[in-house]
Amino acid sequence: MTEDFFQGYKGEALKTLKKYNVRVWGQANVETTRGNFIGTVLPRSENDDDGHIVLKIPTGYNVGVSVANITSMKETGYKKANYKIPEKEFPYTSGLPAVKLIGTGGTIASRLDYRTGAVIPAFSPGELYGAVPELADICNLTTEKVFAVFSENMGPEQYRKLAVAIGKEIENGIDGIVIGHGTDTLHHTAAALTYMVQDPPVPIVLVGSQRSSDRPSSDAALNLMHACYTAGHGGIAEVMVCMFGPTSDEYALLHRGTRVRKMHSSYRSTFRTLGDIPLAKATTEGVIPIKQDFKSRRKDRKVTILPYFEEKVAIIYYYPNMQPDMVDSLIANGYKGIIIAGTGLGHVNKPLYPALARAQKAGVAVYMTVQTLWGYTQMFVYETGREMMALGVVPAENMLPEVAYVKLGWALGQTSDLDEVKKIMLTPMHDDITPREPYNGYLVYQGGLPEVEEFIKRFRK
Amino acid sequence: MNKPLSPARNYRHTMQEIGYVQRKQATQNDYDRIGFMSGLEVHQQLDTREKLFCRCPAGKYEQDDVFDAEVIRHMRPTLSELGEYDGTALMEFKTRKNIVYRIKNETTCTYEVDDTPPFPVNREALDIAIRISLLKKLNIVGEVHITRKQYLDGSIPTGFQRTAIIGVEGVISLRNKTVRLIQLSLEEDSCREISDVGHWRVYKTDRLGMPLIETVTYPDMLNPDEVAEACQIIRFLNRSSGQVRTGIGAARQDVNVSCRGGTRVEIKGVSRIRWIPELTHNEAFRQWALLHIRDKLLKKIKTPTHWEMISMESDPSAFGCRSRALKGLKNNGLKLYAVKLPGFNGILSHFTQPGKTFADELSDRLKVIACIEKPNMTTHDCLKPLEGEEVFQKVRKHLGCRAGDAALLIWGPSDDIPTALETINERCRMAFEGVPNETRKSFADGTTIFERVLPGADRMYPDTDSAPIPLKDEHITKLGEDLPLLTIEAYHVMKGWGVPEDTYHYIFKNNLFPQLKQMVDGGEDPVFAGTLLGHSMKFVEGHYERASGFRYSLIGDMLKALRNRKLRRELMTLILPVIYVHPKMDLDSVLISIGFKKMDADQILSNTGFLREKFRAIRRKPDREAEVNWLMGQLREHAIGNIDLRELRMSLEQIIDHKE
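Keeping their order, the protein sequence lines are chains R and C.
In terms of our numbering, the first sequence has 444 at position 444, counting the first letter as 1, and numbering is strictly consecutive.
In terms of our numbering, the second sequence has 745 at position 284, counting the first letter as 1, and numbering is strictly consecutive.
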């Protein structure tokens, strides 16, 4: 096995290191036209240029030295960093529930990678216990890494694997399941698992973090604690997303996998239940239901796993002047289902109609959702809506576009009979379609209004 | 064994034993004797429009109770880049502080509160930092790497400060020596603390994220006055750029001090340079005292590893406690613990700082680490025991203390007791080793208290949210083109001009050397110009309210206008207060407001005959000198600005001599 002494360096920088025989992790004296620098050579991120060498100077800071300015370099020592999360054996406490943490990648527990500058996951129960010792007071934790992909790379294959893994854990008698997941597509996976894992007897909790655990202010530890508590002690046996309620370190909200969506690119409290109220509030002391109708935890080990998914399904986000070839290309490429996120009550422009007719003829299942996210698709209100329905476009009530996408993939995975698909699609499951929208299901308050400001000031954000 | 001294006498005795001298009496010999060493970390806010990593306005401050929202967070230690948990980090985590941030929408966005990643670094700030680095002769880095420096006290919501080295290995010149610089970094400022009581710490976020530079020196200063001088020079150099903020809190310094055999201790956030000498003096002697304590303990206890503290939960009523703090414990839901510290009698009342003893080292840590507000402990062996001798006798008996042992009573909420006991144990064990690594908070009286365990290089790690920023040679050359004169060079120039030295401080503090030079280059007498800026202007500043439009450059403008009108420069002392308050006035209006009339020498002297008669009527006896002085006083008002006062005096003398 050859060791890479020049991790991440390339081009001129690599040449310079080789020329002066200085390795990564070597202590070096560097003479440059801007004066002398002393420090440990650090690996370089592969995406950075080849014009600089990174040094950790004795005060702990990193600096880059320009290769063009280097007149001489000398390695005076060598010390490779031992980068490890302190690993301690996760203690077993009798009387605490058994919780399985299933890892998928993502940043729930992570460490830094020098070469990419990125955060990479760290995972074993021992590592987790080293990082979040409070977990041992909540449950007896075991972990299993089913696969390791970043959130944006999650897809049908991973959904299926997860569903099967969950089924196995339930069979084996686990008290609750936590799934660590990157946040970007957390709600897609939550929807997929809701459909694929039918009637679980125990809580299935998806959790992520918005601030990686390599920083002191990370939400990862608290999210993990909330999730483990919910999985081990909570009474709601459904697929849920457990993430910060407010941006403050206070409590989590549990969202139904079919009504949840990531709503801010970076906020901690980014996950919100849309068109309804969240399932419950969770802390490490209790799970307090907000919705009253939920499936309760059961003693039995029965669960139905339906790990089906048709991959040839797409979402079209409609915009003015969309050309029919957008739809035609999907038909030509053999897509079997299309979710349209239409404007307003569920509309697209007229030039698209012929393409929709061609989709109908080709046997593509086309469903309409709304890009307003809140509210119902109401295709009877305008003539155009009725016209589209005649072309086979099915209004998907108040299903969120991403949820409709997942459900259509799941339905088409089970049958190619479009009537059967329609039956599955329009049968409400876990509130993916709700019969009514309460007024508190739509709350996007506007700042600046005195009453809103007063509320924000009174309750921590 | 001799009967132990009373705590007060022991305090005085140990103070003498270690050879403590007051700073006023201290000589270089005293500092050499204890091996005084000190270095500085000088922080200076930069005068930019926006903050360093977001587009919030910089330099807008809010009142403590004015806010739009609050956010609560907790800080948790993480792994550093090199794979170790940082010592401070663990300690901060033990304290389990609830950190509340008060946010005002005008000055804070989602970046400061760590809900949005950083925006690209503020280039204006970066360029100022490079320019000042060049002034300090630092080696400028090839590529700026934003680094995260952990702070778990909550003063930054991310839990780390984004900071970046701009240059390393520089030098500054004092009057009689040079001081080497380790580095200069560009970093974001922290929150301002509103309160810190028990488990709750409240901050406001207005200052958070403002750009500042930190200049770090080697520990080259060998007495307290040198530390103050070096700090002054660094501050003046920063100000000479003309691109830094001034005013309260715009410049702050951390002072590192050690004595021979001691450890680097950092005194944080010293806001006034004149406090530095007393603080560094006392800190060096505190360390000297701690080393003595170590030696004494090691004499008594040969194997410190066998030293064992003993504690037991106790009932205040069993000891007959009478103090208000102890009698109310139960009602307040607090627990009392009696603690035996074997061999520590006479150590707890050992001098550490003026008015403080080793017992304070314990009490200070209880407050910070275990979050127990003071009073949190008492002992028989301290300057102000809360309980009488009879109580402590019972406590000692309860604990089975021997003569050489010390007994403590500590109390607090039961959740905090384990940390409290561990804190006492830990600090006592450190006493066997000497001086703990720590940062300390300063007070105006020159003493300090424990703030945190001193963090090491372990707490630095790369900021994965920011890309490195290359600094091209051309850019640096360009920034170095119009550098101001170095403070020490300007000092020598002024000295050469004969400008009185007591004006320099004011001139440097307000970056007035460029104004002075301009005046001198324009033909003004340097001594007059220097005194005008360093004395007259200083007086005006101390006695009048400054208008927002006032600029120092107005002084030169007025002087030029006077010369153009062939008026004498002495008028400036009258003009300064007027333009300071009304900077928009032109010369004519200013002259009217000071009641100036243009007169020639004959006009001024025309009244002399009448005045002399008047003087004759009031004088007691003929006296030429007194008469001239009195006449000068009468005519001065009209003469200023019209003729030279020396000339006037000569004319008066001639008149008197001639007539008599």
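In short, the hints are calculated from the structure, not lab data.
Being a predicted model, the structure only gives us computed values, none of them experimental.
Each residue gets a CB set at the ideal place from its N, CA and C atoms; glycine is no exception.
Do not rely on the hints blindly, as some may be mistaken.
For lysine-lysine, the following DSSO-like pairs were computed, each having C-alpha atoms within a straight-line distance of at most 30 Å [stated by the list, open to error]:
(1) Lys978(C) to Lys1021(C)
(2) Lys10(R) to Lys1021(C)
(3) Lys1021(C) to Lys281(R)
(4) Lys15(R) to Lys933(C)
(5) Lys1021(C) to Lys1059(C)
(6) Lys80(R) to Lys970(C)
(7) Lys88(R) to Lys558(C)
(8) Lys461(R) to Lys565(C)
(9) Lys558(C) to Lys281(R)
(10) Lys933(C) to Lys74(R)
(11) Lys933(C) to Lys19(R)
(12) Lys558(C) to Lys457(R)
(13) Lys598(C) to Lys729(C)
(14) Lys457(R) to Lys521(C)
(15) Lys610(C) to Lys10(R)
(16) Lys145(R) to Lys88(R)
(17) Lys461(R) to Lys933(C)
(18) Lys521(C) to Lys18(R)
(19) Lys598(C) to Lys74(R)
(20) Lys168(R) to Lys312(R)
(21) Lys565(C) to Lys74(R)
(22) Lys610(C) to Lys88(R)
(23) Lys461(R) to Lys1021(C)
(24) Lys565(C) to Lys457(R)
Short, incomplete list of chain C residues facing chain R, as computed with Cβ under 10 Å [stated by the list, open to error]:
(25) Pro581
(26) Tyr612
(27) Leu613
(28) Ala625
(29) Met921
(30) Gly1010
(31) Ser1014
(32) Asp1018
If the Cβ cut is set under 8 Å, some of the chain C residues that face chain R in the computed set are [stated by the list, open to error]:
(33) Ile601
(34) Gly620
(35) Pro931
(36) Val981
(37) Gly983
(38) Glu985
Hint check:
1. Lys978(C) to Lys1021(C): holds (14 Å)
2. Lys10(R) to Lys1021(C): violated (62 Å)
3. Lys1021(C) to Lys281(R): Roughly 74 Å between the alpha carbons, so the hint for Lys1021(C) and Lys281(R) is violated.
4. Lys15(R) to Lys933(C): holds (20 Å)
5. Lys1021(C) to Lys1059(C): holds (17 Å)
6. Lys80(R) to Lys970(C): violated (47 Å)
7. Lys88(R) to Lys558(C): With Cα atoms ~25 Å apart, Lys88(R) and Lys558(C) stay inside 30 Å; holds.
8. Lys461(R) to Lys565(C): Between Lys461(R) and Lys565(C) the Cα gap is close to 13 Å, so the pair holds against 30 Å.
9. Lys558(C) to Lys281(R): Cα-Cα ~23 Å, so holds.
10. Lys933(C) to Lys74(R): Satisfied, since the Cα-Cα distance of roughly 24 Å is no more than 30 Å.
11. Lys933(C) to Lys19(R): Satisfied, since the Cα-Cα distance of roughly 23 Å is no more than 30 Å.
12. Lys558(C) to Lys457(R): holds (21 Å)
13. Lys598(C) to Lys729(C): Holds - the C-alpha atoms of Lys729(C) and Lys598(C) are around 26 Å apart, at most 30 Å.
14. Lys457(R) to Lys521(C): holds (20 Å)
15. Lys610(C) to Lys10(R): holds (28 Å)
16. Lys145(R) to Lys88(R): Roughly 18 Å separates the two Cα atoms, so the pair holds.
17. Lys461(R) to Lys933(C): Roughly 43 Å between the alpha carbons, so the hint for Lys461(R) and Lys933(C) is violated.
18. Lys521(C) to Lys18(R): The hint is violated at about 51 Å.
19. Lys598(C) to Lys74(R): At roughly 24 Å apart (the allowed maximum being 30 Å), Lys74(R) and Lys598(C) satisfy the hint.
20. Lys168(R) to Lys312(R): OK: Lys168(R) and Lys312(R) at ~28 Å, within 30 Å.
21. Lys565(C) to Lys74(R): violated (52 Å)
22. Lys610(C) to Lys88(R): Since the Cα atoms of Lys610(C) and Lys88(R) sit roughly 26 Å apart, the hinted pair holds (cutoff 30 Å).
23. Lys461(R) to Lys1021(C): Roughly 59 Å separates the two Cα atoms, so the pair is violated.
24. Lys565(C) to Lys457(R): holds (10 Å)
25. Pro581: violated (15 Å)
26. Tyr612: holds (8 Å)
27. Leu613: Holds, because the Cβ-Cβ distance from Leu613(C) to chain R comes to roughly 6 Å (cut-off 10 Å).
28. Ala625: holds (7 Å)
29. Met921: With a closest approach of 4 Å, the Met921(C) hint holds.
30. Gly1010: Hint violated; Gly1010(C) Cβ to chain R Cβ min 33 Å, cut 10 Å.
31. Ser1014: violated (35 Å)
32. Asp1018: violated (41 Å)
33. Ile601: holds (5 Å)
34. Gly620: holds (3 Å)
35. Pro931: holds (7 Å)
36. Val981: At 35 Å from the nearest chain R Cβ, Val981(C) fails the 8 Å test, so the hint is violated.
37. Gly983: Violated - the Cβ of Gly983(C) stays beyond 8 Å from chain R, reaching only about 38 Å at its closest.
38. Glu985: violated (40 Å)
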